[in-house]
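Heads up: the sequence lines are chains A and B, in that order. Numbered by full-length UniProt numbering, the letters in the first sequence go through residues 1 to 290 in order. Numbered by full-length UniProt numbering, the letters in the second sequence go through residues 1 to 180 in order.
Simulated from the structure, these hints should not be mistaken for lab results. Small disclaimer: the values here were computed from a predicted structure and weren't measured. Glycine included, C-beta positions come from ideal geometry on N, C-alpha and C. It is possible that some hints are incorrect.
[Stated by the list, open to error] Listed next, with one range per pair, are the computed distances between beta-carbon atoms: (1) A/G235 - B/E17: 58 to 68 Å; (2) B/G53 - A/Q251: 46 to 56 Å; (3) B/C135 - A/S14: 46 to 56 Å.
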Amino acid sequence: MQVPAAFQYERATSLEQAIELLARYGPEARVVAGGHSLLPMMKLRLAQPEALIDINDLSELALIRVDGHDLAAGAMVRHADLLASPVVGEHFPILRDAERVIADPLVRNRGTVGGSLCQADPSEDLSAAFSALRATLVAQGPGGRRTIAIREFFLGPYETALNEAELLVEIRVPIRSHASAYRKVERRVGDWAVVAAGAVLEISGGVITEAGIGLTAVGAPRFVSEQAEDFLRGGRPDDEAFAEAGRIAAQECRPTADQRGPVDYKRHLAGELTTRALRAAAARAQGQEA
Amino acid sequence: MRITVTVNGEQHTGDVEPRLLLVHFLRDELGLTGTHWGCDTSNCGVCTVWLDGTPVKSCTVLAVMADGHEVRTVEGLAHGAELDPVQQGFIACHGLQCGFCTPGMMMTARWLLDHNADPSEEDIREAISGQMCRCTGYENIVRSVRWAAEHGGGRGTADAGTEPAPGREEPVPGREEVRA
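Pulled out of the complex, with its shape left as it was, chain A reads as follows:
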């Protein structure tokens, strides 16, 4: 039987109280939302926090809304709700694609969007998808709110730019005309990615004006391939460009060998999935479902 080590449990009833508790308990406290990343780690003694601060009662963080020109998703939004959201499906197919392959429906019922990002697992899907979308994260601490560009949020495996007493409260993505897709190879349904790639394309007058390439599980710096993005920007959205972008992304990432495969296989997948995600996004831009 796997049981976590003993800890203090605190249930926050307001955002202010959650931050107060974080400040009071210091670095040995962890926030628990869905708990589907944290609790397994605690059972395996990979994490042993002295206190858990439960934020499940903060219903104000569980909303998906359109705020001005942004999609704003609260940190407590469950994966199942992001997947089911019509506004997400309409404007951000990359998020719908990614959510469909995150764990399984039961885990998605409980796990949260904010929890996934704050866990900063190098193999996590939403980290790559939101990075491709250039999302902005809103954090609240004792001193008030601040925004962090997602590409400055991930400092390394399991390490984020959040300060000790800061809580991620919202993820914001501008709603703009773009096409996107996410493609993943996993060993079995619900598994972590062997490799996954997300593509975001803004196209104007037959030219790519902005590109986002997200990569997960292959050691891509901050979950993106900036070199592939730079290559695509200003070019035409055609198969040749997508194949070359895939080649560049495969070169830029830094996979490691593990039970999910050797380095050359993962590098091959990184290139291939990048190309396929770009093709799927471009097909969607032309009104074809991909």
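On the provided structure of chain A, position chain B as indicated by the hints.
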């Protein structure tokens, strides 16, 4: 910590350590051993129960997190002496196999049919994709859920919320009929 959890409509109060998992609270503290406990890593899904009306894996929920909330387990699936159509379907189509994954499968199936009265095979397979049958008897499990849908187990509309289930008002075949 003192917690109060409503399980299958009945309030239970108990003193628990914060690290106690919901699955163990149900089994060890309340004696509701219908909810099984398998892989311990949120993979196998045999511990599936409803928390506030949504199926979750109870090996990855702390009992203290359920304080003040509602849990439904397989013990709460039947309607008095009448088995739920999902339970009848598992009997009719031999969806049980060894029975270890059955409680979790049935809790997910009930939830699926509440939201989708006429699920396709693909819908059913997607719904149970987070649950493992160690007999790998998925064919019969899928058939059992279809059987339930076809025998009054589904609800009338895809988004039936608090509406009474029209299916429940229709005569549901009893156990004997199922066996025949």
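Against the structure, the hints come out as follows:
1. Range check, A/G235 to B/E17: Cβ separation about 59 Å, and the 58 to 68 Å hint holds.
2. Separation of B/G53 from A/Q251 is about 49 Å and conforms to the stated range, judged on CB atoms against 46 to 56 Å.
3. The hinted range of 46 to 56 Å is satisfied by B/C135 and A/S14, whose Cβ atoms lie roughly 48 Å apart.
Checked against the numbered hints above, the structure violates none of them.
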